[in-house]
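Below are the chains, spelled out letter by letter.
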Amino acid sequence: AQTVTQSQPEMSVQEAETVTLSCTYDTSESDYYLFWYKQPPSRQMILVIRQEAYKQQNATENRFSVNFQKAAKSFSLKISDSQLGDAAMYFCAYRYQGAQKLVFGQGTRLTINP
Amino acid sequence: GAVVSQHPSRVICKSGTSVKIECRSLDFQATTMFWYRQFPKKSLMLMATSNEGSKATYEQGVEKDKFLINHASLTLSTLTVTSAHPEDSSFYICSARSDRGSIYSNQPQHFGDGTRLSIL
Chain G
-3 AQTVTQSQPE MSVQEAETVT LSCTYDTSES DYYLFWYKQP PSRQMILVIR
47 QEAYKQQNAT ENRFSVNFQK AAKSFSLKIS DSQLGDAAMY FCAYRYQGAQ
97 KLVFGQGTRL TINP
Chain C
-1 GAVVSQHPSR VICKSGTSVK IECRSLDFQA TTMFWYRQFP KKSLMLMATS
49 NEGSKATYEQ GVEKDKFLIN HASLTLSTLT VTSAHPEDSS FYICSARSDR
99 GSIYSNQPQH FGDGTRLSIL
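Residue numbers (the working numbering), protein chains in the order written: chain G, -3 to 110; chain C, -1 to 118.
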């Protein structure tokens, strides 16, 4: 069975600094997708960034980038120049090719200190 | 693009009442919709997956007769909590995804805003 683990229940960072959220997963599949979702206090789940496992290049979306290490089954999220609006719960998620449902990690609560 | 609307955002009702929650994909055809339940400070727990025109597939431990799911069209799915009790109080979230065409095979799920259900 596939599992996703986020080992940091809470993280905090000073505004304008960089923070990295960790995510590891376990799978025997070779083709899959990885996602980071953000859930702010408003509770809506927002897609932050996604990575296809067959791509070696790490995905980047503005201030958000990932460090995808396929052999290590690691998928960390780096947030640069942290802003107050980045404060939220962050969930790492996995879906293998051909599957419909996502497997979510436990989440990491990110606090931004002004 | 890829907007999912969930309604209502909050429901407060008496024990024994049945409550219907709607999930609509506004600008794409959702071949698959998902219903999640989220407890405070916890991750999302998948309740069921529904494909348009067919019966929903429920996760283990989810009561089919308690949580009725209908996915009658490519833009609408409903979750009905029947004879709701206080233990059904929770945050319910829907999401939608399109599998139309090979270019959509890597499409992510798009989430609604969620519904806070409180049973008195």
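Keep in mind the hints are simulated off the structure, nothing from the lab.
Nothing here was measured: the structure is a model prediction, and the numbers come from that model.
Just so you know, not all the hints are guaranteed correct.
[Unchecked claim] Once the Cα atoms are required to be at most 25 Å apart in a straight line, the calculated PhoX-like pairs of lysine-lysine come out as:
| hint | chain 1 | residue 1 | chain 2 | residue 2 |
| --- | --- | --- | --- | --- |
| 1 | G | K74 | C | K62 |
| 2 | C | K39 | C | K53 |
| 3 | C | K18 | C | K62 |
| 4 | C | K53 | C | K12 |
| 5 | C | K12 | C | K62 |
| 6 | G | K51 | G | K69 |
| 7 | G | K69 | C | K40 |
| 8 | G | K74 | C | K64 |
| 9 | G | K51 | G | K74 |
Results for each hint:
In summary, the hint linking G:K74 to C:K62 is not supported, as the alpha carbons are separated by about 40 Å, beyond the 25 Å threshold. In summary, the hint linking C:K39 to C:K53 is not supported, as the alpha carbons are separated by about 31 Å, beyond the 25 Å threshold. Simply put, C:K18 and C:K62 have alpha-carbon atoms about 15 Å apart, close enough for the 25 Å limit, and the pair holds. In summary, the hint linking C:K53 to C:K12 is not supported, as the alpha carbons are separated by about 29 Å, beyond the 25 Å threshold.
Annotation: proposed proximity of C:K12 to C:K62 holds, straight-line Cα distance about 21 Å (limit 25 Å). Between the alpha carbons of G:K51 and G:K69 the distance comes to roughly 14 Å, so the proposed pair stays at or under 25 Å and holds. Proximity of G:K69 to C:K40 is assessed by CA-CA distance (about 23 Å); at most 25 Å being required, the pair is judged to hold. The hinted pair formed by G:K74 and C:K64 fails the criterion: a straight-line CA distance of about 41 Å is larger than 25 Å.
The suggested pairing of G:K51 with G:K74 holds, with an alpha-carbon distance near 18 Å, which does not exceed 25 Å.
In summary, the structure is inconsistent with hints 1, 2, 4, 8 from the numbered list given earlier, while agreeing with the others.
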